[in-house]
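Protein chains: 2
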Amino acid sequence: MTYFKLITLLSLYILVACAPNARQEQTTQKDYTQFVKPLVGTLGEGNTYPGAQVPFGMVQLSPDTEKWQWGAASGYEYSDSTIYGFSMTHLHGTGIPDMGDILFMPTVGQTHIRPGKKDFSEPGYLSKFSHENETAEVGYYSVVLDDYNIKTELTSTNRAGMMRYTFPASDSAHVVLDLSHVLRFDVVWSNVQVINETTIAGMHQVKGWAKERYVYFTAEFSRPFDAARIFSGGKEVKYDSYKTYRFRSSKEAAGPDIQLVADYQTSEAEQLSVKVGISPISTANAMKNLKAEMPDWDFEKYVSVSKNLWNKELAKFEVEGTQNQKETFYTAAYHAFMSPTTYFDVDRNYRGLDQNIHECKDFDNYTVFSLWDTYRATHPLFCLTQADRNANMINAMLAHYQQSPDKLLPIWSFWNNETWCMIGYHAVPVIVDAYFKGVQGVDWELAYEACVNSATHPEYDATAEYEQLGYVPYDLENESVSKTLEYAYDDYCIARFAKALGEEADYKRFSKRALAYKNLFDKEIGWMRPKDSKGQWMADFDTHHFEHLGAFTEGTTWQYTWTVPHDVKGLVELYGSKETMANKLDSVFAYSSGKDYKGVDDIHGRIGEYWHGNEPSHHVTHLYAYVGQPWKTQQLTRHIIDTQYGNEPGSLCGNDDCGQMSAWYIFNAMGFYPVCPGSDEYVITSPAIPSVTMTLSNGNKLVIDTENYSDKNVYVQSVMINGVEWNKSWFSFNDIKEGGHIHFVLGDTPNKEWASAEEHYPPSMSTSKL
Amino acid sequence: MTYFKLITLLSLYILVACAPNARQEQTTQKDYTQFVKPLVGTLGEGNTYPGAQVPFGMVQLSPDTEKWQWGAASGYEYSDSTIYGFSMTHLHGTGIPDMGDILFMPTVGQTHIRPGKKDFSEPGYLSKFSHENETAEVGYYSVVLDDYNIKTELTSTNRAGMMRYTFPASDSAHVVLDLSHVLRFDVVWSNVQVINETTIAGMHQVKGWAKERYVYFTAEFSRPFDAARIFSGGKEVKYDSYKTYRFRSSKEAAGPDIQLVADYQTSEAEQLSVKVGISPISTANAMKNLKAEMPDWDFEKYVSVSKNLWNKELAKFEVEGTQNQKETFYTAAYHAFMSPTTYFDVDRNYRGLDQNIHECKDFDNYTVFSLWDTYRATHPLFCLTQADRNANMINAMLAHYQQSPDKLLPIWSFWNNETWCMIGYHAVPVIVDAYFKGVQGVDWELAYEACVNSATHPEYDATAEYEQLGYVPYDLENESVSKTLEYAYDDYCIARFAKALGEEADYKRFSKRALAYKNLFDKEIGWMRPKDSKGQWMADFDTHHFEHLGAFTEGTTWQYTWTVPHDVKGLVELYGSKETMANKLDSVFAYSSGKDYKGVDDIHGRIGEYWHGNEPSHHVTHLYAYVGQPWKTQQLTRHIIDTQYGNEPGSLCGNDDCGQMSAWYIFNAMGFYPVCPGSDEYVITSPAIPSVTMTLSNGNKLVIDTENYSDKNVYVQSVMINGVEWNKSWFSFNDIKEGGHIHFVLGDTPNKEWASAEEHYPPSMSTSKL
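Protein chains in written order, with full-length UniProt numbering: chain A, 1 to 770; chain B, 1 to 770.
Rather than coming from a laboratory, the hints here were simulated on the basis of the structure. Every residue, glycine too, gets a C-beta built ideally from N, C-alpha and C. Don't take each hint at face value.
Here are the simulated lysine-lysine pairs, DSS-like style, with alpha carbons at most 27 Å apart [unchecked claim]:
| no. | chain 1 | residue 1 | chain 2 | residue 2 |
| --- | --- | --- | --- | --- |
| 1 | A | Lys291 | B | Lys361 |
| 2 | B | Lys211 | A | Lys251 |
| 3 | A | Lys361 | B | Lys361 |
| 4 | A | Lys238 | B | Lys211 |
| 5 | B | Lys288 | A | Lys407 |
| 6 | A | Lys361 | B | Lys291 |
| 7 | A | Lys407 | B | Lys238 |
| 8 | A | Lys243 | B | Lys207 |
| 9 | A | Lys407 | B | Lys251 |
| 10 | B | Lys288 | A | Lys361 |
| 11 | B | Lys407 | A | Lys235 |
| 12 | B | Lys251 | A | Lys207 |
| 13 | B | Lys207 | A | Lys211 |
| 14 | A | Lys207 | B | Lys243 |
| 15 | A | Lys211 | B | Lys243 |
| 16 | B | Lys326 | B | Lys30 |
| 17 | A | Lys207 | B | Lys207 |
| 18 | A | Lys534 | B | Lys238 |
| 19 | B | Lys243 | A | Lys534 |
| 20 | B | Lys407 | A | Lys238 |
| 21 | B | Lys534 | A | Lys238 |
| 22 | B | Lys235 | A | Lys207 |
| 23 | B | Lys207 | A | Lys238 |
| 24 | A | Lys211 | B | Lys238 |
| 25 | B | Lys407 | A | Lys251 |
| 26 | A | Lys211 | B | Lys235 |
| 27 | A | Lys235 | B | Lys207 |
Beta-carbon label-pair distances, calculated as ranges [claimed, not checked]:
| no. | chain 1 | residue 1 | chain 2 | residue 2 | range |
| --- | --- | --- | --- | --- | --- |
| 28 | B | Asn196 | A | Lys291 | 36 to 42 Å |
| 29 | B | Asp362 | A | Pro123 | 52 to 58 Å |
| 30 | A | Pro224 | B | Gln468 | 22 to 28 Å |
With the hints as constraints, model all of the structure from the sequences given.
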């Protein structure tokens, strides 16, 4: 490094550290939303949706092109050519469908209350559309419904959405509300009321992935409908003295199969808007939300408000790079800041896990906790850029815990439901990571109690047998190896938390549990291997058997053996040497079984047996830093970013999983990754963008920049942090929590000297160092 | 009358009028509850229930012996010999089943989650019982379940109930909660949670007669259960790694078919109690209700509280007579004061017709409005003895009106539902009657608006055609004659209300409508007759055709022709003379078609074509007062009371209809009846008890006594009111509103001179006298 360079860098560091306000003002004037491509991830298995949502917003107003297919969990699949309508809620990037609540569809001509078939073998309200007539921007979506020549535009606030329809001239224009629509699952009940000639309200209850979910809405139409017809079970709800015997109101109905059709006569290019507030509590609250957030009909204003909200979030990153790099990065940030979603009404009430109405007086409540995914990088990212939100999210988890009849932290929860999806108790690393990263505003005593109780529930997923035997036996429990490994990691987090709080007995108990992974490592074969309750290894063990007799979760031992993020040194010891382990790691990336396993068709992004499309692999490339070969990490994360991320609809190789795939990108694009949330380590890799300045939650800036950045220069030659030469393959939260400057020098060949000496390895968390 | 007698009567009058407090103190120390026989009406068509309820209480905790039969609408039928269990809610005396929510059943031995069959062809939790081991008292019910040798005792507060089970020694004792149980209809959803080892909570949603009804509960057990097992769809809800794949909590479940079984080991004669709070809002509110009303386990205390509450209501009547008379009277009072029922939680919130949660800040909310029945005598009785409650009930109707998407007053509503059962808009006479009887605490302007809107809804039951044509045409509308007649009466009430409020245009409009009955009176045959929209009488008209082509409601023209309570003089004019009308009336009582019509099997109590078992006949005997033959009224009401009321399970000849049959009794037993609520007239008849002192809502006493009372002395010889000889066949509300004294002299032959002169007829409400 030249003297001039050093001075320049130091100057920049001082500028950044001392003038955050001036800089912030400058950056927030830029329009970062232009770089966001909401269609990224809509083709294939990303399972994203292209509609309108504010950051972490309760409403996700988006077109549904698919209703039944498991693989189109967000309701939108880019390869589709028909649209069912526009519904108010969607899940971002999950592997299981649900939501798609409160579907509206504008039509002209004959009234249809059924969607019909996508191949038009049965007529219905659905319509063809073309991507040529489709626009997806931050806070704005539009499409032309070809069957009706109706342009539909969408925008949203936190708890409300607005649809603007541009109709052709028609004496039979309609807006169809189909309360029986939900993605994949069943509406068990619904109701609707016509409140006046511009207002309707109602609800539906869904028995879906979430077993009991209630969505209420109130909708206002920009001009009075000529008529509003309600249908129940396919028949119009209307009094007929002879047929219905007793009076029936035409203004209300309830049942599992309810539609409402608002009728209009429209002139050419007439615009009609519908704004909809939603609530998990009541139509009255939906109306409160609507009135508070969307008081008028200024569509453009709400688009602008949404863009401003997003710009504020996106401005946390000032990226320099190509258009493609910026689009990839800001789209990833957009996707990372969609979930968890706001889950309380403007009066601060929400429906809790116990189905009772609770007030979140002291925190903002959130829901959609895909924790098996998001503990890895999403919440650690929030620790850096969204610390207050992360505190609120943790408070939401603690409220869930208190409302849970089992006194368990959320596993995979959304709205007022626990789905029990996936394994482990990964609210724990989210909590512990936040605790050690100085997140404020959480009752840590309560959080600690919740962590311990969640890890020791007598009936939950064989945690009792796990503690007794030191592992989960495959003859007694499904997914036994994955559970053992993930429990051990979660327990490491609890042990660390216990030590910090002075809970010595718990510290010892969970430190012991944290080493459980050792009991399933078969040194003979060098893989984690299922063991039965008598201590016998599983016979006929096939390392390529997907979910081997239920011993692995969405993978094989090739992915899962590496799930020891908290004690990589211990894993190295099990292998006998770092070289042995490095060779084993090499084999993961080099060897492919060639099998296309049943059940893994949504996991792509494979490099050998490294499956980037699913989370168990997400920290595996970074383990080279623990065996003295950090250049392999550098090459691999750059390779993954080059090949498996981008700015196209098909650019995500697996479910975005509520932002985890995107958060992985953001970290690695910036040149570091939290291999072990709950610790304070980040492993350094090679940045995938020339430069980024990240504004931390405290307002300070972390500047990351590179020298010699190019597509080919994927190897780190040297690193300087805050003006100091940095030879370690990692840095800690403390090193960056006040902001600062990380400077990378890159090159096209590995610098095998850099950070490869044992003293430069990440310390890892062998239990003695807890 | 001797001088001595006069002095005695005057002294009594002065005593009563001047010393109400002393008298009240004295009377409330008496135990009137001893005379109440809750089993009255449980055999046959009375459709009462024998369980525990406080006056107008939200909880009706009672055994269900029947679940499916239409005819056992209250869930209990005396002729049954099996019990399903004990549920928290019941409808009193209705013709249609619903409720039976939240059923608990104690058992021993094998676990049953299904009731089984009453003939034991399928085993289940239901049990044989015998009336020998059954006790039904005010606020207390007990029965021995023979299959299990378990004594069950019930008591209740307003919003909570307690069950005390006395078990035999058993190592497999159970308390079964079957959330799928409801009378007759479908549970569409339910959920349950085990909160701790003594507390459970949950809800079920019923699609019943009421289309969308939500009942929440929280239940506490007096000692911890050994286990609580939840069943869904017939299977125990329990995690099994291999069978359920993902974790399932054993502490909660949701679905349409949920049971919970609490397991115990019991010692001989061990008592276990369960107390249950209910709420239309949430389990949290059910808990609030329970904690507020039933804080401890003192079963006897709550029985005592219930008896005291009832005694306070029953003490409004100080009856002298035989044991049978007292039992009949106080049981009737008991039945009259069960409905409408309290419908708000202790925090004053309730679920409204719009399914939103509303607070009743300024009134006590009530529900169960069987208005086609209760406008006749029940609410007029409340005007005398329960004026404040009646005001609250009217306020509840106005809240319903405001929440109604149709802006209609209740027709037949319960909980948060309008059932649209029966015809007319009979909240109107309830409101107008209360207005003219000085009930305080109602927004009468709002009430007036509600009355007018309810009478002029453009879609409701052909009221538009009715106004246009002057009658409801039978070719366009079902129940056309009944509707015409009842609308005309309701419209008379509105006209009167309009005049009082100075609404002249409405006064004219509704005065004209009040005469609509004339358009359907066929002078040729002397009966009301269906007419079509072209003005043609129905051809081939059979006066005995039940519900003739849908022209009559639960009757024939023999009952319905008399539905002109507001203008009997006008009806006399149509007949041409009072003698002609009297002869026609005579024929009603003398002639019987002998037909047992389909659909009328629950209407008994027939005297010719007078059907006391249903409401359209209820004022018919009193019409003799309008044609100069009051002795016929006297003889008939005494005859009806002698033959169709009593103190036995079979003593009610038709549905008690939320107290209307019982209120009819109370009025007539006291010697007067409100033929035309909304007017202030009461027609005098012959008292059926020797003496009664009624405490009015204002605390004043109305003393009614008789001379020469005997079974045979059914004819009024003379009447004295407040010491003044009374020759009119009627008196007005003003005559008694401050209390007073009505003295009857009775004899065994008609005194045809008394009140038979034209100037002594009730004035009737020919429209010129509105």
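Under the criterion that the straight-line Cα-Cα distance not exceed 27 Å, is the pair A/Lys534, B/Lys238 satisfied? holds (25 Å)
task: Starting from A/Lys243, check that the Cα of B/Lys207 is at most 27 Å away, please.
output: With Cα atoms ~21 Å apart, A/Lys243 and B/Lys207 stay inside 27 Å; holds.
Report task. With a cut-off of 27 Å on the C-alpha distance, tell me whether A/Lys291 and B/Lys361 pass. Result -> holds (24 Å)
Are the Cα atoms of B/Lys407 and A/Lys251 separated by 27 Å or less? holds (10 Å)
**Prompt:** Taking only the CA atoms, is the gap from B/Lys288 to A/Lys407 under or equal to 27 Å?
**Reply:** Measuring from Cα to Cα gives roughly 22 Å; hence the hint holds.
Taking 27 Å as the top limit, are the C-alpha atoms of A/Lys211 and B/Lys243 close enough?
holds (18 Å)
Given the hinted pair A/Lys235 and B/Lys207, is their Cα-Cα distance within 27 Å? With a Cα-Cα distance of about 18 Å, the restraint between A/Lys235 and B/Lys207 holds, given a limit of 27 Å.
Has the given pair, B/Lys251 with A/Lys207, been kept, meaning a C-alpha gap of at most 27 Å? holds (19 Å)
query = Is the hinted pair B/Lys407 and A/Lys235 satisfied, with a Cα-Cα distance of at most 27 Å?
reply = Answer holds: B/Lys407 to A/Lys235 is near 24 Å, not above 27 Å.
Next pair to validate is B/Lys243 with A/Lys534; report whether the Cα-Cα distance is within 27 Å.
holds (22 Å)
Given the hint that A/Lys207 pairs with B/Lys207, test it: the Cα-Cα distance must not exceed 27 Å.
holds (17 Å)
Can you tell me whether the CB distance of B/Asp362 to A/Pro123 sits inside 52 to 58 Å? holds (53 Å)
Comparing the model with each numbered hint stated earlier shows that all of them hold.
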